[in-house]
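Visitor: Sequence:
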Amino acid sequence: MLSAVPRRFWLPAVILALALGGSGCERDEAIFVVQIYPSELLPQGLATDDTVVALQTALKQEGFILAEGSKRNYAAKVEVRRESQSFGSGKDTWQMRVVLAPRDAGVEAGAIAMEGLGETAADEAVPSAQQLAEAAAAAAKELAEERKMMRKPKDEIVTALSSPSRRVRDFAVRLAGARKIKDLVPVLSKRLADEPESDLVLRIVGALVQIGDDRAVSPLVELTKRKHPIFINQIVFAVAQIGGQEAEAYLDTLAQGHPSDQVRAAARDALQELLSRKSAKLKR
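Anchor point for the sequence shown: position 133 equals 133 in my numbering, and the numbering is continuous, going up by one each time.
No lab work stands behind these hints, which were simulated from the structure alone.
Heads up, some of the hints might be wrong.
To be verified - Here are the computed distance ranges between Cβ atoms for each label pair:
(1) Asp-261 to Gln-44: 48 to 56 Å
(2) Glu-156 to Ala-113: 14 to 22 Å
(3) Ser-162 to Ala-121: 28 to 36 Å
(4) Ser-70 to Arg-264: 45 to 53 Å
(5) Gln-44 to Ala-121: 16 to 24 Å
(6) Ser-70 to Ser-276: 34 to 42 Å
(7) Glu-68 to Leu-46: 22 to 30 Å
(8) Ala-193 to Gln-44: 44 to 52 Å
(9) Asp-261 to Leu-46: 48 to 56 Å
(10) Arg-226 to Ala-280: 33 to 41 Å
Stated by the list, open to error - In silico lysine-lysine, DSS-like type, Cα no more than 27 Å apart, as pairs:
(11) Lys-77 to Lys-148
(12) Lys-190 to Lys-227
(13) Lys-71 to Lys-148
(14) Lys-190 to Lys-180
(15) Lys-180 to Lys-154
(16) Lys-182 to Lys-71
(17) Lys-225 to Lys-281
(18) Lys-190 to Lys-154
(19) Lys-182 to Lys-281
(20) Lys-152 to Lys-71
(21) Lys-281 to Lys-227
(22) Lys-60 to Lys-148
(23) Lys-190 to Lys-148
(24) Lys-77 to Lys-141
(25) Lys-60 to Lys-141
(26) Lys-71 to Lys-154
(27) Lys-278 to Lys-180
(28) Lys-152 to Lys-60
(29) Lys-141 to Lys-152
(30) Lys-71 to Lys-60
(31) Lys-91 to Lys-148
(32) Lys-283 to Lys-227
(33) Lys-182 to Lys-152
(34) Lys-141 to Lys-71
(35) Lys-278 to Lys-182
(36) Lys-283 to Lys-180
(37) Lys-180 to Lys-281
(38) Lys-227 to Lys-71
(39) Lys-91 to Lys-152
(40) Lys-154 to Lys-182
The structure displayed is predicted, hence computed values, not measured ones.
Think of the CB as a built atom: it goes at the ideal place given N, C-alpha and C, for glycine as much as any other residue.
Kindly produce the complete structure, drawing on both the sequences and the hints.
Guide: Structural data, given as structure tokens:
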């Protein structure tokens, strides 16, 4: 749906995008949006082309490049829906949710998906062009903030981990894991207890596994106290992936004495996997 851009224009576009990234010590991250995929469940009466054009305009205004680059190529998935307010006097809103995901998985280490959400008043059955533009602009602005965070130093990622915005916290956690920033292990470990969203707690667990620093084992073990066996099993395999002496001791203790048959079995399997991986490394 995006018009092709001749190759001779790519380099100037990249230079311009980097120049617009600010004069600070971290340059902005050039992101190429190769394709936009609208949801199949757009509100009745809303044209697909109108949705795409609104998002294209907003992305360009925020410095995204609508073309294919040599790397950092992303595809966008856009969804528009009406969000009804069930309580109070709040009015319904149109929401535009945009997910930018790396098109070529594994091309560049640390490439992760970004998500932006924009809202505008819903006073008609179908969003107007102006309302689409407002929602797209807000979503693109959030995406731009995440794009800029990709090059931020770890201190700013620490700040983002405690942001009031759930999406900002989510992105910061995923970024820390993708970049394997070992210096953030203590902060992420503390966040395990402070994070109010249960799905983000599991996201933090995944980031700690990606980083692979055994300092995370003790906080993960602490997280399992007074938890349901299903949750404990998830942590068991996370601990096994990280490894280390403390992980081995914890898994052995669970395998021998946890009251849940399910947990004991999971701990035995995880411990066997850890020891097999350890043995394979020693034989290299």
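Visitor: All hints are to be evaluated individually against the structure, with a verdict given for each.
Guide: Hint check:
no.: 1; hint: Asp-261 to Gln-44: 48 to 56 Å; result: holds (52 Å)
no.: 2; hint: Glu-156 to Ala-113: 14 to 22 Å; result: holds (20 Å)
no.: 3; hint: Ser-162 to Ala-121: 28 to 36 Å; result: holds (31 Å)
no.: 4; hint: Ser-70 to Arg-264: 45 to 53 Å; result: holds (51 Å)
no.: 5; hint: Gln-44 to Ala-121: 16 to 24 Å; result: holds (19 Å)
no.: 6; hint: Ser-70 to Ser-276: 34 to 42 Å; result: holds (40 Å)
no.: 7; hint: Glu-68 to Leu-46: 22 to 30 Å; result: holds (28 Å)
no.: 8; hint: Ala-193 to Gln-44: 44 to 52 Å; result: holds (45 Å)
no.: 9; hint: Asp-261 to Leu-46: 48 to 56 Å; result: holds (53 Å)
no.: 10; hint: Arg-226 to Ala-280: 33 to 41 Å; result: holds (35 Å)
no.: 11; hint: Lys-77 to Lys-148; result: holds (20 Å)
no.: 12; hint: Lys-190 to Lys-227; result: holds (18 Å)
no.: 13; hint: Lys-71 to Lys-148; result: holds (17 Å)
no.: 14; hint: Lys-190 to Lys-180; result: holds (17 Å)
no.: 15; hint: Lys-180 to Lys-154; result: holds (11 Å)
no.: 16; hint: Lys-182 to Lys-71; result: holds (26 Å)
no.: 17; hint: Lys-225 to Lys-281; result: violated (32 Å)
no.: 18; hint: Lys-190 to Lys-154; result: holds (16 Å)
no.: 19; hint: Lys-182 to Lys-281; result: holds (22 Å)
no.: 20; hint: Lys-152 to Lys-71; result: holds (19 Å)
no.: 21; hint: Lys-281 to Lys-227; result: violated (33 Å)
no.: 22; hint: Lys-60 to Lys-148; result: holds (15 Å)
no.: 23; hint: Lys-190 to Lys-148; result: holds (25 Å)
no.: 24; hint: Lys-77 to Lys-141; result: holds (16 Å)
no.: 25; hint: Lys-60 to Lys-141; result: holds (11 Å)
no.: 26; hint: Lys-71 to Lys-154; result: holds (23 Å)
no.: 27; hint: Lys-278 to Lys-180; result: holds (21 Å)
no.: 28; hint: Lys-152 to Lys-60; result: holds (22 Å)
no.: 29; hint: Lys-141 to Lys-152; result: holds (17 Å)
no.: 30; hint: Lys-71 to Lys-60; result: holds (18 Å)
no.: 31; hint: Lys-91 to Lys-148; result: violated (33 Å)
no.: 32; hint: Lys-283 to Lys-227; result: violated (37 Å)
no.: 33; hint: Lys-182 to Lys-152; result: holds (15 Å)
no.: 34; hint: Lys-141 to Lys-71; result: holds (22 Å)
no.: 35; hint: Lys-278 to Lys-182; result: holds (21 Å)
no.: 36; hint: Lys-283 to Lys-180; result: holds (26 Å)
no.: 37; hint: Lys-180 to Lys-281; result: holds (21 Å)
no.: 38; hint: Lys-227 to Lys-71; result: violated (43 Å)
no.: 39; hint: Lys-91 to Lys-152; result: violated (37 Å)
no.: 40; hint: Lys-154 to Lys-182; result: holds (10 Å)
The structure does not agree with the numbered hints 17, 21, 31, 32, 38 and 39 stated previously, though it agrees with the rest.
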